[in-house]
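Peer 1: Residues per chain, in single letters:
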Amino acid sequence: MTGWVRCMVLSAVLAWPVPVVYAKTILVGPDQALKFPSAADQVAKDGDTVEIEPMKGGYFDCANWHQNNLTIEGKGPGVVITDKTCEGKGLFIVSGNNVTVRNITFQRARVPDHNGAGIRSQGTNLTVDHCRFLDNENGILSNVNLTASHVIITNSEFVDNGSCSGPGCAHGIYINQVALLRVENSVFKRTHHGHHIKSRAAETVLIGNTIEDGPTGNSSYLVDIPNGGTLIMQNNTLEKGPDAENHSTAVTLGEEGVTQRTKEITITNNTFTNDMSHPTIFVRNLTATPAILKGNKLVGQIKPLDGDGKVE
Amino acid sequence: MAWLCQAGAGEARTFLVGPDQDIKTPSAAVQMAHDGDTIQIEPLKGGYFDCAVIKQSHLTIEGTGDGVVLTDLTCAGKGILVVDGTDVTVRNLTLTRARVPDRNGAGIRAEGTDLHVDNVRFVNDEVGILAAASALSRITIVNSQFIDNGGCDNGRCNSALNIGWIALLHVEHSVFRDTHGGDDVLSYAVRTELVDDDIEDGPTGTAGYLVHLPAGGSLEMRNNRLEKGPKTADVPAAVSTEAPYGSRPVGTLVLIGNRFTNDSGRSFDLLHNLSDTPAEMANNTVGKNTTLVSSSGYMWFWMKSFAHAMLARAHSTAYTLARGLRDDLRRL
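So the protein sequences, as listed, match chains C and Z.
Heads up: the first sequence begins at 1 in the working numbering, then just goes up one per residue.
Heads up: the second sequence begins at 313 in the working numbering, then just goes up one per residue.
If you're looking for bench data, these hints aren't it; they were derived computationally from the structure.
No experiment lies behind these values; they were computed from the predicted model shown.
A couple of the hints might just be wrong.
[As the list claims (entries may be wrong)] No farther apart than 30 Å at their CA atoms in a straight line, the calculated lysine-lysine pairs in the DSSO-like style are these:
#1 K357/Z to K263/C
#2 K543/Z to K303/C
#3 K310/C to K543/Z
#4 K336/Z to K263/C
#5 K263/C to K303/C
#6 K310/C to K357/Z
#7 K75/C to K56/C
#8 K543/Z to K294/C
#9 K294/C to K310/C
[Stated by the list, open to error] Every beta carbon over 12 Å from chain C, so not counted as near; a handful from chain Z, in silico:
#10 T386
#11 T408
#12 N466
#13 A594
Where a beta carbon is used, it is the ideal one built from N, C-alpha and C, also for glycine.
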């Protein structure tokens with residue numbers, strides 16, 4: 001091939017219109033073309049960002065997000081999704097992988113099965129940041145067997161969630177079989193009947209959270225790790241209130257039977273207050289892995305540990 | 313079909329389990345096995361996180377060598393191996409870290425008839441072997457070790473061996489050490505035979521009785537090495553035989569050639585016999601601070617058990633009368 005021909009071919013190849021997909025930002029709001037989050041769900045593609053503006057009275061809306069690498073976020077405070085549930089599951093169903101949800105309030109999710117969730121996680125890897133979950137059956141509920149998934153919750157609030165009206169109970173958050181549940185700097189308050197945090201994750205890490213019944217909360221456990229699994233709790237503020245329905249224990253591991261390996265149980269520098277009129281146990285460990293309790297401050301009638309482990 | 317050796321119709325088969333075999337877990341092999349088959353398990357690094365319910369009879373489940381471990385996972389809320397079948401043999405395994413919500417997680421939960429345990433290590437289980445009542449059953453344990461089992465929950469303590477009302481418990485050439493809270497050998501069997509065993513607290517064990525027959529039955533102990541350690545639970549004796557009112561009597565009571573070492577720093581009886589049956593004692597050696605045999609408190613023990621039985625009967629009669637009265641009133 002001569003140099004001239006080579007040059008022409010190269011130019012043609014370079015000039016060929018290759019479709020390039022750019023991640024785009026989709027705006028939702030009362031004054032935008034897309035009036036509801038579910039309308040954005042119809043047009044969003046993998047990698048997009050959906051920005052939702054506040055609307056008075058909140059969005060009476062629900063959506064099932066199938067896109068991967070999606071970011072869904074409220075623009076400013078006061079972005080509320082309320083009441084309406086999709087597929088009998090929840091307000092937002094997240095079916096895509098690697099989805100981030102930020103700055104949104106989810107409230108009043110109810111479904112006939114009594115496990116209506118603010119967010120129902122069906123994909124792998126979910127990040128929730130600066131969200132509020134108010135008066136739902138479950139704040140966040142994950143599907144079973146998402147074994148590679150990492151669920152990360154930061155700077156969020158879970159208030160007045162929980163229910164035991166259905167065949168099982170609903171909880172502040174109810175995470176099934178995932179690789180990691182990590183909750184940081186979040187608040188769980190006034191959970192009703194169910195547990196504040198129930199996790200079947202291989203590893204559960206809780207750091208810097210406030211998990212408390214308060215004067216009117218009537219939860220069961222503060223933290224339930226029913227099948228075993230690693231548990232690391234650091235610098236959390238915990239309280240069982242006078243109306244707590246389960247007097248026995250604040251944190252429990254293995255109460256449904258151990259079905260997975262427990263590599264480590266480390267509970268350090270937490271504060272736990274018992275405001276019930278009954279004595280209680282801080283950590284009840286029904287696995288064979290010794291729980292290490294270190295530097296925790298216990299206020300009230302509390303036995304620090306029941307089961308394998310040591311209190312330092 | 314590499315896993316299936318000797319696959320003749322109706323013949324006993326052998327299933328091979330291992331990381332490089334088609335069958336990866338013991339429980340998968342148990343699913344496939346029939347009466348009379350053998351399951352051989354190869355070692356796996358980190359142990360098998362597995363449990364199984366064995367309903368087959370005449371089954372053998374065995375490790376192919378040392379270091380075959382089943383750990384953590386329990387079946388039916390009961391134990392690592394739950395044996396419902398008849399004439400089952402368990403051999404060359406380590407069963408460890410059994411925990412269940414009821415706090416009686418067993419290395420083996422025996423619910424069938426006739427169990428043979430050979431060269432099995434029970435380490436850090438709530439109960440090593442927990443056997444349900446089964447009137448004709450004989451449980452034979454040889455060359456096995458029970459280490460670091462037991463533990464207490466709200467005043468209820470687990471024993472390394474907890475055997476219900478069966479025909480015979482025979483334990484030979486086995487080791488019990490570092491049991492916590494409960495007894496080493498707790499037996500309701502009609503006959504209990506312990507031969508050439510080491511049953512000892514060691515420096516850290518907190519066991520109660522080394523051997524405890526709380527409801528009569530015969531006991532024969534020959535050539536065992538027994539020790540109570542510095543952290544023993546508060547019990548008066550190494551061996552306790554009790555025949556409360558209403559239980560079967562202690563049939564024969566034979567202790568021959570046993571050696572007891574008292575490292576507890578306080579006085580002990582080798583045998584505390586709370587029954588009418590005289591003990592036949594020969595060639596036993598005991599060290600400092602130890603009485604060979606004592607029946608102190610027997611009358612008081614018997615009267616308490618009598619009163620307890622009468623109270624229970626009165627309660628039951630009152631309950632029946634009250635129910636009858638309630639039903640009569642309803643009919644009016």
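Peer 1: Confirm or reject each hint.
Peer 2: Structure-based check of each hint:
| no. | hint | in the structure |
| --- | --- | --- |
| 1 | K357/Z to K263/C | 15 Å, holds |
| 2 | K543/Z to K303/C | 23 Å, holds |
| 3 | K310/C to K543/Z | 18 Å, holds |
| 4 | K336/Z to K263/C | 22 Å, holds |
| 5 | K263/C to K303/C | 24 Å, holds |
| 6 | K310/C to K357/Z | 27 Å, holds |
| 7 | K75/C to K56/C | 14 Å, holds |
| 8 | K543/Z to K294/C | 26 Å, holds |
| 9 | K294/C to K310/C | 9 Å, holds |
| 10 | T386 | 6 Å, violated |
| 11 | T408 | 8 Å, violated |
| 12 | N466 | 9 Å, violated |
| 13 | A594 | 42 Å, holds |
Hint compliance for this structure: hints 10, 11, 12 are not met, and every other hint is.
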